[in-house]
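*Asks:* These are the residues of each chain, in order.
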Amino acid sequence: MSILDPLLKALEFVNQLNAKYFALSYEEQKAMTFLERLQAYNWTFELVVVAILVLMYVFYVGGTKLNTRRASKLFGAINESFHELAFAKVGFSTKGGQKKQFISEQNNTWFTSFTTGRSAIESITVQSHMYAHYNPIAMLVERLLAVFFPALVERDLKEFVDICVMPNGIYASTETGEASKNADEVLSNFKFVTAVVNKSDMAKVREENYYLSITHTAENDKLPVQYVFMSENNQLNGLIPHYGGSRLHELLEKVGHFLTFISFTDLPEEKPVSDKLWEKAQKPRCVIRCKLQTNAADLKLLQELISCVVGMYDTMTREYVQGTAAPYLSKDLLKKSHQLRSQELQKIQKVMKQVERELAIEKKQKLEKEKRREQRSRLSGEEQDKLDKKMREKRERRQRNKQKTRM
Amino acid sequence: MNPQVSNLVIMLAMMQVSRRLDMEDPTVILYVRIAYVTSVTLAFLVYQYARSKIVSKNDLTTLKYVSPPNAMAGQQEGKLEVTTVKDYDLKEIDSAIKSIYTGLAMMGFMHLYMKYTNPLLMQSISPIKSALEHNEVKIHLFGKPASGDLKRPFKAPSMFGGFGASPEAKVDKKSIEEAEKAGTGGVKSD
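So the sequence lines, in the order shown, correspond to chains S and P.
Heads up: the first sequence begins at 1 in the UniProt record's numbering, then just goes up one per residue.
Heads up: the second sequence begins at 1 in the UniProt record's numbering, then just goes up one per residue.
Take these hints with a grain of salt, some might be off.
Once the Cα atoms are required to be at most 30 Å apart in a straight line, the calculated DSS-like pairs of lysine-lysine come out as [what the hints assert, rightly or not]:
| # | chain 1 | residue 1 | chain 2 | residue 2 |
| --- | --- | --- | --- | --- |
| 1 | P | K181 | S | K280 |
| 2 | S | K336 | P | K57 |
| 3 | S | K158 | P | K144 |
| 4 | S | K158 | P | K181 |
| 5 | P | K170 | S | K350 |
| 6 | P | K115 | S | K204 |
| 7 | P | K170 | S | K347 |
| 8 | P | K53 | P | K79 |
| 9 | P | K173 | S | K254 |
| 10 | P | K86 | P | K98 |
| 11 | P | K173 | S | K336 |
| 12 | P | K173 | S | K347 |
| 13 | S | K350 | P | K79 |
| 14 | S | K204 | P | K53 |
| 15 | S | K347 | P | K188 |
| 16 | S | K100 | S | K366 |
| 17 | P | K91 | S | K335 |
| 18 | P | K79 | S | K280 |
| 19 | S | K222 | P | K64 |
| 20 | P | K155 | S | K222 |
| 21 | P | K181 | S | K347 |
| 22 | S | K222 | P | K91 |
| 23 | P | K181 | S | K335 |
| 24 | P | K57 | S | K204 |
| 25 | P | K86 | S | K204 |
Everything labelled a hint here was simulated from the structure, so no lab data went into it.
All chains should be modelled from the sequences, with the hints used to inform the complete structure.
*Replies:* Quick look at the structure:
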């Protein structure tokens, strides 16, 4: 019995469907009219194939529409909160002047929205990934693979929402008020990493995000029991509760079932492999990552969370610009953060140098080999034999010396 | 007795039993099938009960340790694991449940496709034995304290005591701090 037996049986069954038709001789088929030939042929296989194609089309249309409907709910709620937070530009505009709440990519599985134009905030980018509902077979295979080979599962397979809030270091007290001028100076104070992370996602987020993989994990009474702090320095643990206050504490308790983490950071998500990338990838921002939710109550909570983070940046920026209150981050803390960055940069440079050294050695060896080959090709047959003999003796001598030292 | 040694003893005993049975007799095959399915079902129920206990306890105490490097995956340094007692327990129990599925698939192939009955008889005790000897079952069903051999992270069982055992997870403060600052996250594979 072979493994392919079931397949062979299925093929035989399909062939048997039209055994009678194929048994007809050429003359018999010629004698039949077109309609008679159509009637004599068994169309079961073709009908099944057409039914499968129709089903695939229905799933495709249904799946893409389902994702769009969910995205409309999600981005509708988020964009509404952007309007409430007084952002000047929310969503996208097409060439024809039409407003778009979000843009979708890759068969409606990736969705993005954007807002800009506000005091203290340069922009907010919202990105969401949804399951490929249009292809249920692929979804099923991916789930099965995830059960038996979890290492093969990419993070992007899950449904999530990423909200990236970028500060600009500019503060304007009123709509007509003058904007502050020392933006770069203010932004230099946002170079630190501190996060509130859901306990059920601790290992995963450390693995996926470079900036969280250099932090300490600590439980704290200032947080609801389902969260931990992940900060590059334990003194930074107080920053989020300080600026978030009791409002954030209450909110964190309510969003525990879908919030993965809130992180203030300036370091990249992907580990930089060169010093140039290190310099380029540093951008102060706050990242809110959560599981995808589309029910009204959860979306309301998400709106509040975004507004809370924007409020935190408002307060921090105002403190630095107006100097009305002493900022939470002392000079000493910022110095420690700076030191950590220097150490990380040194680590990257060390690896870079090592790689360069290895490449140089490899190149040198290649050149020497090439040179030897060239020299050999210039020699006559007798001289080549002499050279080979000399080399062989050299190798043997070296081997003998090695054995002597071992003994 | 060490569970792995007792497994070996049971295996040898079952081999002797299987030699005395007529594996061609449909009645014997039926009884062997019933014994295997009963054992697997009982093991599954024990694990599920322990699982429900873990979920209902919802112990969110943080657990940090450095797991030993996986030489097969080309790792040279241990990896920091930050989890909760609940998630650790669920991971352990889920891997035990998964091993039941793997065993079922293998036995299904051996017995239904290859028509061997001997392996079915050999495996008719080990699923329930493994379930009752599982650390999570000992903690959550038999109420044993999570200390000593049952302290998380669990030690990998070894057949010959300390000799030949796989390296243990590190739980000392220094190793954890070093691993925490290693910055090994965010490495994207091409």
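*Asks:* Determine for every hint whether it applies to the structure shown.
*Replies:* Evaluation of the provided hints:
1. Straight-line distance between C-alpha atoms of P:K181 and S:K280 comes to about 22 Å, which keeps the hinted pair within the 30 Å bound.
2. Between the alpha carbons of S:K336 and P:K57 the distance comes to roughly 40 Å, so the proposed pair goes past 30 Å and is violated.
3. Proposed proximity of S:K158 and P:K144 is contradicted: the alpha carbons are some 37 Å apart, above 30 Å.
4. Restraint check for S:K158 and P:K181: the C-alpha separation of about 28 Å stays at or below 30 Å, so the hint holds.
5. Among the hinted pairs, P:K170 with S:K350 is consistent with the structure: their alpha-carbon atoms are about 27 Å apart, no more than 30 Å.
6. The hinted pair formed by P:K115 and S:K204 fails the criterion: a straight-line CA distance of about 43 Å is larger than 30 Å.
7. In summary, the hint linking P:K170 to S:K347 is supported, as the alpha carbons are separated by about 24 Å, within the 30 Å threshold.
8. Of the supplied pair hints, the one linking P:K53 and P:K79 holds, its CA atoms being roughly 29 Å apart against a limit of 30 Å.
9. Proximity of P:K173 to S:K254 is assessed by CA-CA distance (about 33 Å); at most 30 Å being required, the pair is judged violated.
10. Proximity of P:K86 to P:K98 is assessed by CA-CA distance (about 18 Å); at most 30 Å being required, the pair is judged to hold.
11. The suggested pairing of P:K173 with S:K336 holds, with an alpha-carbon distance near 21 Å, which does not exceed 30 Å.
12. Using a Cα cut-off of 30 Å, the hinted pair P:K173 and S:K347 holds, with the two alpha carbons roughly 23 Å apart.
13. Among the hinted pairs, S:K350 with P:K79 is consistent with the structure: their alpha-carbon atoms are about 21 Å apart, no more than 30 Å.
14. Distance restraint check for S:K204 and P:K53: the Cα-Cα separation of roughly 24 Å lies within the 30 Å cut-off, and the hinted pair is therefore satisfied.
15. Between the alpha carbons of S:K347 and P:K188 the distance comes to roughly 18 Å, so the proposed pair stays at or under 30 Å and holds.
16. Our distance criterion of 30 Å between C-alpha atoms is broken by S:K100 and S:K366, whose separation comes to about 57 Å.
17. With a C-alpha separation of about 40 Å, the suggested pairing of P:K91 with S:K335 is violated against the 30 Å cut-off.
18. Taken as a hint, the P:K79 and S:K280 pair is honoured in the structure, with Cα atoms around 28 Å apart against an allowance of 30 Å.
19. Restraint check for S:K222 and P:K64: satisfied, since their Cα atoms lie roughly 20 Å apart, inside the 30 Å limit.
20. Note on P:K155 and S:K222: the hinted pairing is violated, with a Cα-Cα distance of about 34 Å set against a maximum of 30 Å.
21. Restraint check for P:K181 and S:K347: the C-alpha separation of about 12 Å stays at or below 30 Å, so the hint holds.
22. Distance check on the hinted pair: S:K222 and P:K91 sit about 28 Å apart at the alpha-carbon level, within 30 Å; holds.
23. Between P:K181 and S:K335 the CA atoms are separated by roughly 18 Å; this keeps the pair inside 30 Å, and the hint holds.
24. Under the criterion of a C-alpha separation no larger than 30 Å, the hint pairing P:K57 with S:K204 is consistent with the structure, at around 23 Å.
25. Pair hint P:K86 plus S:K204 holds up; C-alpha atoms about 15 Å apart against a cutoff of 30 Å.
Checked against the numbered hints given earlier, the structure breaks hints 2, 3, 6, 9, 16, 17, 20 and satisfies all the rest.
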